[in-house]
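There are 4 protein chains.
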Amino acid sequence: MSKTITAFDYKVADLTLAEAGRHQIRLAENEMPGLMALRAEFSAAQPLKGARITGSLHMTVQTAILIETLVALGAQVRWASCNIFSTQDEAAAAVVVGPNGTVDNPSGTPVFAWKGETLEEYWWCTDRIFDWSSEAAAAGEDFTGPNMILDDGGDATLLVHKGREFEIAGSVPATGADDSEEYSVILELLRASLKNDPTRFTRIAGEIKGVTEETTTGVHRLYEFHKRGELLFPAINVNDSVTKSKFDNKYGIRHSLPDGLNRATDTLIGGKTCFVAGYGDVGKGSADALRGQGARVIVSEIDPICALQAVMDGYQVATLESVIETVDIFVTATGNTAIIKPEHLLQMKHQAIIANVGHFDDEVDMAGINRIQGIEKIEIKPQVHEWRLPNGRSVLILSEGRLMNLGNATGHPSFVMSTSFANQVLAQIELFTKPDEYELGVHILPKTLDEKVARLHLSALGVELTQLTNDQARYIGVPVQGPYKVDHYRY
Amino acid sequence: MSKTITAFDYKVADLTLAEAGRHQIRLAENEMPGLMALRAEFSAAQPLKGARITGSLHMTVQTAILIETLVALGAQVRWASCNIFSTQDEAAAAVVVGPNGTVDNPSGTPVFAWKGETLEEYWWCTDRIFDWSSEAAAAGEDFTGPNMILDDGGDATLLVHKGREFEIAGSVPATGADDSEEYSVILELLRASLKNDPTRFTRIAGEIKGVTEETTTGVHRLYEFHKRGELLFPAINVNDSVTKSKFDNKYGIRHSLPDGLNRATDTLIGGKTCFVAGYGDVGKGSADALRGQGARVIVSEIDPICALQAVMDGYQVATLESVIETVDIFVTATGNTAIIKPEHLLQMKHQAIIANVGHFDDEVDMAGINRIQGIEKIEIKPQVHEWRLPNGRSVLILSEGRLMNLGNATGHPSFVMSTSFANQVLAQIELFTKPDEYELGVHILPKTLDEKVARLHLSALGVELTQLTNDQARYIGVPVQGPYKVDHYRY
Amino acid sequence: MSKTITAFDYKVADLTLAEAGRHQIRLAENEMPGLMALRAEFSAAQPLKGARITGSLHMTVQTAILIETLVALGAQVRWASCNIFSTQDEAAAAVVVGPNGTVDNPSGTPVFAWKGETLEEYWWCTDRIFDWSSEAAAAGEDFTGPNMILDDGGDATLLVHKGREFEIAGSVPATGADDSEEYSVILELLRASLKNDPTRFTRIAGEIKGVTEETTTGVHRLYEFHKRGELLFPAINVNDSVTKSKFDNKYGIRHSLPDGLNRATDTLIGGKTCFVAGYGDVGKGSADALRGQGARVIVSEIDPICALQAVMDGYQVATLESVIETVDIFVTATGNTAIIKPEHLLQMKHQAIIANVGHFDDEVDMAGINRIQGIEKIEIKPQVHEWRLPNGRSVLILSEGRLMNLGNATGHPSFVMSTSFANQVLAQIELFTKPDEYELGVHILPKTLDEKVARLHLSALGVELTQLTNDQARYIGVPVQGPYKVDHYRY
Amino acid sequence: MSKTITAFDYKVADLTLAEAGRHQIRLAENEMPGLMALRAEFSAAQPLKGARITGSLHMTVQTAILIETLVALGAQVRWASCNIFSTQDEAAAAVVVGPNGTVDNPSGTPVFAWKGETLEEYWWCTDRIFDWSSEAAAAGEDFTGPNMILDDGGDATLLVHKGREFEIAGSVPATGADDSEEYSVILELLRASLKNDPTRFTRIAGEIKGVTEETTTGVHRLYEFHKRGELLFPAINVNDSVTKSKFDNKYGIRHSLPDGLNRATDTLIGGKTCFVAGYGDVGKGSADALRGQGARVIVSEIDPICALQAVMDGYQVATLESVIETVDIFVTATGNTAIIKPEHLLQMKHQAIIANVGHFDDEVDMAGINRIQGIEKIEIKPQVHEWRLPNGRSVLILSEGRLMNLGNATGHPSFVMSTSFANQVLAQIELFTKPDEYELGVHILPKTLDEKVARLHLSALGVELTQLTNDQARYIGVPVQGPYKVDHYRY
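Chains L, W, G and Z, in that order, give the protein sequences. Residue numbers for the first sequence follow full-length UniProt numbering, beginning at 1 and rising by one. Residue numbers for the second sequence follow full-length UniProt numbering, beginning at 1 and rising by one. Residue numbers for the third sequence follow full-length UniProt numbering, beginning at 1 and rising by one. Residue numbers for the fourth sequence follow full-length UniProt numbering, beginning at 1 and rising by one.
Treat the hints loosely; a few may be bogus.
No distinction is drawn between identical chains; accordingly, a pair holds when it is met within one copy or between any pair of copies.
As the list claims (entries may be wrong) - DSBU-like, lysine-lysine: derived pairs with alpha carbons at most 30 Å apart: (1) 227 / 485; (2) 485 / 162; (3) 434 / 227; (4) 485 / 341; (5) 447 / 485; (6) 162 / 115; (7) 381 / 227; (8) 377 / 349; (9) 381 / 485; (10) 434 / 162; (11) 162 / 349; (12) 434 / 381; (13) 162 / 209; (14) 162 / 227; (15) 447 / 209; (16) 381 / 115; (17) 209 / 49.
In case anyone wonders, no lab produced these hints; they're calculated from the structure.
Can you build the whole structure from these sequences, using the hints too?
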């Protein structure tokens with residue numbers, strides 16, 4: 001894996017890159033009022049002193065500010081990206097060098113991430129963020145790994161759980177014929193780990209106080225772990241804070257979907273027929289963005305409630321099959337699998353665009369598409385490929401079917417990440433400082449903290465908040481300072 | 001109260017009115033696919049056979065179809081409106097006469113409601129729907145009142161609770177100086193009831209299996225009753241079904257707010273500056289409707305999360321005080337009290353319009369406004385009043401500060417009421433047929449029923465629902481037929 | 001025609017009606033800042049002193065304010081409506097009684113219009129407004145008719161042209177088998193006129209200085225007259241002032257289309273599939289309004305430029321035939337003929353709604369529909385008819401296929417009519433006071449007047465206009481005070 | 001100027017660059033159905049055979065397809081960009097190499113343009129496209145320059161007019177103290193030309209049959225030339241084709257404004273307060289795009305008609321001064337000068353963004369900003385500069401105040417450029433093949449050609465056009481095949 005290390009070292013050595021990243025961080029800090037407010041509120045008290053946080057989340061400029069906020073609150077941090085394409089190298093470099101460091105004397109945080117990792121490299125990076133031996137040595141303490149995880153999609157959490165499971169079993173199972181390429185890479189990594197240190201992940205799991213998880217997909221995995229009785233430590237579901245799911249998922253994608261389409265293809269969205277699979281928060285933001293650009297949007301849904309919302313919002317709701325031949329741009333936003341299948345490609349218009357914003361790359365069945373007889377893949381530019389089909393037409397697939405808003409653009413913008421990451425910081429503080437209040441299970445942040453996150457973002461947008469009078473608070477039976485809604489309120 | 005009875009009798013006697021109502025019912029049935037589907041599904045099984053339902057809900061054409069659906073499923077029903085202005089007299093007449101009745105031989109359901117009741121008349125009507133003596137006599141049974149309540153705003157439920165409370169106390173408290181006019185009417189009624197039959201409401205309360213409540217306000221009252229340990233029977237919170245709160249509240253008001261403004265004032269909404277107090281579901285629908293007509297919308301909020309939603313949706317968020325002098329149309333949608341106060345009126349533009357869609361008439365402080373020195377009230381037409389202010393300007397207040405979408409228009413349209421009322425019917429069936437599954441408390445309908453309501457409304461809107469494959473259902477860990485979401489999902 | 005006169009006399013006698021109209025006029029004056037500003041600017045100078053204006057335009061509250069503005073500027077006026085359904089009786093009554101008159105001693109302006117005229121009554125009214133004998137007698141002068149026409153749709157202008165044509169020919173042609181019912185009524189009227197006074201319309205035509213025409217349809221007729229060399233006096237095309245066509249046509253219909261749909265049917269627009277035939281200004285406003293209510297809108301067009309605009313604005317563009325079975329609400333906005341034909345009705349969904357906003361009633365082929373074998377027409381309420389089709393389904397046709405925004409609602413709101421009518425007033429002043437500047441032909445108002453009309457409406461909407469600096473004016477080569485655009489600028 | 005030539009030569013030598021450009025051209029051809037349809041229709045007839053076209057227009061991928069379309073129709077072409085930042089180098093390289101050429105044996109069209117020219121380089125390039133000596137030599141003919149100009153902004157036209165003017169005067173005037181830097185560069189160039197060949201531009205002017213001009217600004221210059229009697233050859237105003245001004249200006253900017261903002265700053269647009277100066281077509285598209293992303297938009301206008309449109313479209317209309325302190329993003333779209341002045345910067349929020357989409361760089365007064373005492377300019381990345389102000393705040397100015405949709409993004413997308421460029425091609429054919437029909441002056445394309453351009457773009461967007469029947473055509477008095485509207489129709 002020497003190539004990888006070299007690539008990373010090279011980046012660290014590149015002060016120009018780090019400087020460019022530092023400029024971007026400085027500008028983005030103005031767009032992340034939530035994180036900056038938390039620094040102002042908590043940096044004296046150092047609530048995360050003693051926290052060793054292993055973070056697996058897209059290594060962007062915004063994440064750089066999250067990392068530096070965690071550090072400002074007292075934490076030690078090691079970081080990897082949670083997606084092979086999403087790293088902004090200048091942000092990674094800037095975090096490693098640190099605000100006051102130099103190439104020769106970096107003073108920042110270890111980051112293991114670069115744009116365009118292979119799967120092997122990706123899992124090597126994920127493995128690295130669990131290796132806290134140098135920190136243990138420096139501290140003269142006896143720990144193996146982190147005591148906190150900050151996760152996005154659950155890969156870091158998965159690695160600990162699987163690692164411990166196989167250590168207890170005493171062996172890693174053989175790779176099966178149906179296993180995905182990625183799972184075979186994980187198994188290989190864990191085989192090496194088991195051989196090298198047969199109790200490593202068991203020790204690591206024992207040290208961890210909890211995980212805070214960013215996304216729907218990762219949260220879903222956590223609920224599954226817990227349902228099966230396999231969850232090893234408490235989790236906070238950051239995704240379902242209102243100020244996360246209803247902001248990052250909806251307003252973030254509203255921004256980054258058209259941004260990614262534009263950077264990838266420069267195709268006019270206006271006047272086009274766009275198909276959005278899924279009308280959850282991500283689908284809602286997608287449809288809104290496309291309509292805002294003058295597209296005609298058709299939505300598909302499996303949930304009758306969301307389908308009814310879509311039609312009441314003015315969208316045609318149809319199955320993919322019934323409209324496929326009229327669609328110019330396909331957007332998958334379901335979090336499910338096999339939404340766009342190989343046979344679909346053959347029915348599409350020439351140069352139809354396929355864009356996945358729904359987390360994993362099996363939403364568009366890339367494996368199946370690769371197996372189409374006679375298909376040819378041409379790189380137009382990085383993350384933009386033309387797939388020539390045997391029928392003489394071609395389609396454009398963005399970011400190899402992975403998250404195109406990260407691969408073709410720069411992900412959610414700073415402001416929405418500030419709402420999302422302020423939740424992460426508060427969740428880390430909760431789990432780390434009040435372990436007794438969070439028993440084994442998957443928790444949602446208290447509504448007061450959710451409202452606090454919102455409050456931290458208002459003045460930057462010029463919002464004047466109305467104050468409840470005592471009479472009014474009494475009339476609706478809530479405290480003057482909130483929380484203002486019942487827990488099941490849907491916003 | 002002879003005047004009242006006469007008025008009502010006169011209406012019943014008016015076959016022309018009933019015929020007009022019957023026409024409207026027939027047309028509206030096509031717009032209420034949920035209720036009609038429930039009739040088709042359940043009329044053979046008669047799940048509500050034996051149910052005696054006391055209903056207090058705006059007596060509109062849509063409610064007529066709800067009532068006749070309940071009857072089609074086996075129930076006996078007595079009905080009043082829950083608002084003094086909201087009754088459509090032709091709908092009331094048609095329900096009384098019944099689909100196959102005549103004026104001389106009515107075969108319908110007893111209704112106690114007409115447009116423009118006084119407060120005394122209103123509570124007399126509410127009292128009437130608890131008097132099931134004629135039904136008891138006809139059945140040769142020994143009951144006093146209903147065994148089910150279907151409520152909107154909680155007035156029927158309140159009457160039983162207060163009635164029983166005072167019966168147990170042995171006396172009705174004296175009317176206090178601070179008591180509202182309405183509360184003094186209630187106390188007066190209960191004094192008469194106590195005198196006439198000192199255990200009447202105690203017996204009624206004991207017969208009731210449960211209540212299904214329609215609105216935020218009524219649900220809030222129920223939670224308060226339950227918190228104080230005073231709730232007398234289980235309740236289903238219909239308001240918080242997704243297919244109710246996210247449809248009726250949002251899409252209903254989107255329709256009926258501009259409709260009411262137009263019918264009341266014929267004022268161009270486009271180009272105007274509109275102020276919407278509150279950005280809950282009703283406020284969201286209001287803002288959307290006004291923007292859809294080309295207005296500039298300013299929103300006020302006390303909840304930082306909703307405030308952040310408003311600004312992310314592109315609205316200016318400000319306090320009433322800071323923008324009051326620039327606003328043409330004021331809409332209150334908070335469910336709170338004293339949003340628009342007398343002193344505000346004096347700062348408003350000439351002929352500014354005040355429209356309350358937030359449930360009670362204290363959202364606009366009508367009592368206070370009436371007390372402004374030198375104010376003059378001129379009726380432009382029914383439910384539209386010009387209030388001439390001492391400063392020489394005037395403002396228009398719609399529906400006397402009560403729900404203008406009901407008072408100045410015809411309320412939510414049939415289609416959204418179909419989603420809301422299908423929840424009511426299913427909730428009535430649940431509480432009546434499965435009493436053991438609903439302990440004392442406030443319950444939300446199971447998500448499967450919520451999804452069922454949505455499903456019943458799709459084909460009428462031309463929606464093609466996508467079917468999950470088995471693989472996909474397994475992938476996201478849900479049954480192929482749903483429910484598709486975790487309970488805390490916010491839609 | 002005694003019935004007619006009686007009906008009208010009754011209305012005039014009804015002071016309650018006139019008082020109600022006066023209230024509405026007073027409120028609407030606040031919404032017509034353009035007309036009120038013209039009164040303030042010109043009432044001292046009396047530029048229309050000596051003008052005898054025959055007006056044919058929907059007799060609404062807004063028109064009442066137009067009439068009273070013309071009078072305030074010195075004119076004498078006689079008025080009829082230009083549509084059999086569009087009169088608001090209270091407005092007509094108020095104009096007749098006048099601001100300071102009484103029933104016994106009316107001091108207003110003669111109006112010949114009421115809601116729900118027959119075709120015979122309609123043309124009788126139109127004939128009346130050309131009879132200025134009482135005014136001539138009162139003035140001791142020798143004129144037959146008006147010296148100015150203010151027209152909407154061109155019926156008044158048509159009557160003069162046809163009347164004179166037949167007088168010159170010496171006879172009125174026999175009614176042909178293909179002549180419409182309406183044309184046969186006109187011929188009948190002119191036969192009577194010719195018999196009674198064989199040079200009446202020839203004398204009237206000779207007295208007229210010019211006509212100002214309100215609508216696309218009427219303007220089209222004028223251009224046709226002029227192209228054939230038949231135009232008898234100069235015309236100002238008010239319709240094509242930007243502040244008319246781009247405001248009244250677009251923003252007026254955005255208001256009054258959903259208003260009419262709501263008042264007629266109370267049907268939820270949200271979630272429905274709506275078809276808008278024609279994407280001119282009226283179609284653009286219609287589509288915008290329907291989308292603003294959450295409908296899915298499909299547009300049809302014959303002009304490729306307008307079709308391209310529609311698709312770029314995000315609408316599906318399709319032929320009626322290809323989508324007819326999926327549509328809930330049909331809106332015709334073409335100004336053309338036979339858009340919806342009898343055979344179309346048989347393909348429509350049950351209770352589909354048909355709404356014409358495109359001027360004449362042949363846009364929906366009512367004559368053809370009446371001839372469908374076995375069709376049955378049921379009046380749901382005035383101007384709302386259910387047509388039961390032989391296939392068992394029914395459709396709802398609003399306002400008998402005539403302008404439903406006038407027939408089912410109250411037409412364009414005051415504010416947009418203020419822009420439109422301010423153009424009318426300025427056009428009347430131009431033609432009456434500067435006859436030498438307007439040779440025989442069809443003219444558009446100078447851009448300075450168009451901009452003046454806009455300027456008169458800004459402060460009421462809180463607009464702050466930016467002032468050009470001298471440098472900036474020089475830079476773009478326009479006067480600091482305007483006009484700011486080249487004549488062919490499209491806005 | 002050897003550096004320039006070298007830079008260009010280098011690019012030509014770079015086959016990788018040309019290949020990348022060729023890929024993009026191939027993909028973009030699918031998005032330019034108008035140009036491809038014109039190739040299909042006219043390539044056999046070769047209507048531009050003999051045309052020598054000097055083109056000055058942003059050298060993008062879309063322009064490459066325009067150039068190759070002109071060549072396909074028989075023309076010879078020389079090309080420069082009309083903006084120092086707007087060239088896409090790979091597109092330039094691909095055009096030079098040609099579809100079938102190689103680096104060693106290029107077979108394309110001479111292009112003089114690269115991204116990031118100095119002013120000297122820019123005007124050197126513009127001079128080069130008038131030097132047709134090698135073509136004359138190759139043809140054995142005796143001409144000096146082009147016989148057609150295709151212009152954008154009028155720089156090529158200006159050079160010929162000024163060159164001839166000074167040749168007739170016999171000298172180039174001295175550079176004045178108030179002359180802009182750019183004008184001094186032009187004067188310098190013309191001094192050298194005059195010295196070298198004192199009749200060069202006079203001969204060139206004599207050979208030119210006409211110019212077709214792309215933009216508002218260039219058209220304005222042409223009308224000014226013509227008004228002063230200085231115009232040297234007929235011009236077609238392509239900008240004012242409906243399918244140009246109402247598409248490129250409006251829908252193009254709707255796409256490229258947010259695209260440029262995103263690429264430049266990655267700042268969330270949603271929730272922000274955006275100020276759009278000017279509500280012409282570009283301003284309308286800008287406001288629409290920003291609202292579509294969830295921004296609150298405030299518009300400024302000097303024209304009362306456009307101001308009234310803005311407020312009727314739901315935007316606050318205010319002066320810059322009254323809202324400057326609340327604005328996050330400033331967009332100038334006026335085509336005028338000195339909209340944002342140095343003193344304004346000092347009132348802006350920290351990190352406010354300034355984006356000009358209004359043609360010239362004096363819309364934001366860059367010269368004045370450069371002179372602010374103590375201001376500091378930091379390059380964040382190419383075309384994105386932070387200007388640190390003496391008050392401790394900073395602002396971001398995009399593309400040095402020039403067109404940011406070109407400098408920070410890739411300009412209008414292919415599809416809208418296809419409508420615009422199809423007009424250019426038809427205009428070139430008109431002027432070149434029918435010189436007798438276009439006398440000296442500024443002409444607009446016949447409406448039939450405008451409609452033709454629209455028609456060529458419909459099927460790509462799935463539009464079904466409705467066909468007029470003969471009866472309908474007769475009814476509205478137009479030919480079945482169009483044109484469908486009067487000339488003054490505004491769309």
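For each hint, the structure was consulted:
Both within a single protomer and between protomers do residue 227 and residue 485 lie at most 30 Å apart by alpha-carbon distance, with minima of 28 Å and 15 Å respectively. Proximity of residue 485 and residue 162 under a CA criterion of 30 Å is satisfied inter-copy only: 27 Å between copies versus 39 Å inside one chain copy. Proximity of residue 434 and residue 227 under a CA criterion of 30 Å is satisfied in both settings, with 24 Å inside one chain copy and 28 Å between copies. In the homo-oligomer, the alpha carbons of residue 485 and residue 341 lie at most 30 Å apart only across protomers (24 Å), although the nearest pairing inside one protomer, at 43 Å, exceeds that limit.
Within a single copy, residue 447 and residue 485 get their C-alpha atoms as close as 8 Å, and across copies as close as 21 Å, so both meet the 30 Å cut-off. For the homomeric pair residue 162 and residue 115, the shortest alpha-carbon distance inside one copy (26 Å) is at most 30 Å, but the shortest distance between copies (52 Å) is not. In the homo-oligomer, the alpha carbons of residue 381 and residue 227 never lie at most 30 Å apart, since the shortest distance is 44 Å inside one protomer and 49 Å across protomers. Within a single copy, residue 377 and residue 349 get their C-alpha atoms as close as 17 Å, which meets the 30 Å cut-off; across copies the closest is 47 Å, which misses it.
Neither within a single protomer nor between protomers do residue 381 and residue 485 lie at most 30 Å apart by alpha-carbon distance, with minima of 49 Å and 38 Å respectively. Taking identical chains as interchangeable, the C-alpha atoms of residue 434 and residue 162 lie at most 30 Å apart only when both belong to the same chain, with a minimum of 27 Å there against 44 Å between chains. For the homomeric pair residue 162 and residue 349, neither the shortest alpha-carbon distance inside one copy (43 Å) nor that between copies (50 Å) is at most 30 Å. Taking identical chains as interchangeable, the C-alpha atoms of residue 434 and residue 381 are never at most 30 Å apart, the minima being 49 Å within one chain and 44 Å between chains.
Taking CA atoms no more than 30 Å apart as the test, residue 162 paired with residue 209 passes inside one copy only; the shortest distance there is 18 Å, against 51 Å between copies. Taking the shortest alpha-carbon separations for residue 162 and residue 227, only the intra-copy value of 16 Å comes in at or below 30 Å, while the best inter-copy value is 45 Å. Taking identical chains as interchangeable, the C-alpha atoms of residue 447 and residue 209 lie at most 30 Å apart only when both belong to the same chain, with a minimum of 22 Å there against 34 Å between chains. In this assembly of identical chains, the alpha carbons of residue 381 and residue 115 lie at most 30 Å apart whether taken from the same copy (14 Å) or from different copies (19 Å).
Taking CA atoms no more than 30 Å apart as the test, residue 209 paired with residue 49 passes inside one copy only; the shortest distance there is 14 Å, against 56 Å between copies.
Comparing the model with each earlier hint shows violations of hints 7, 9, 11 and 12; every other hint is respected.
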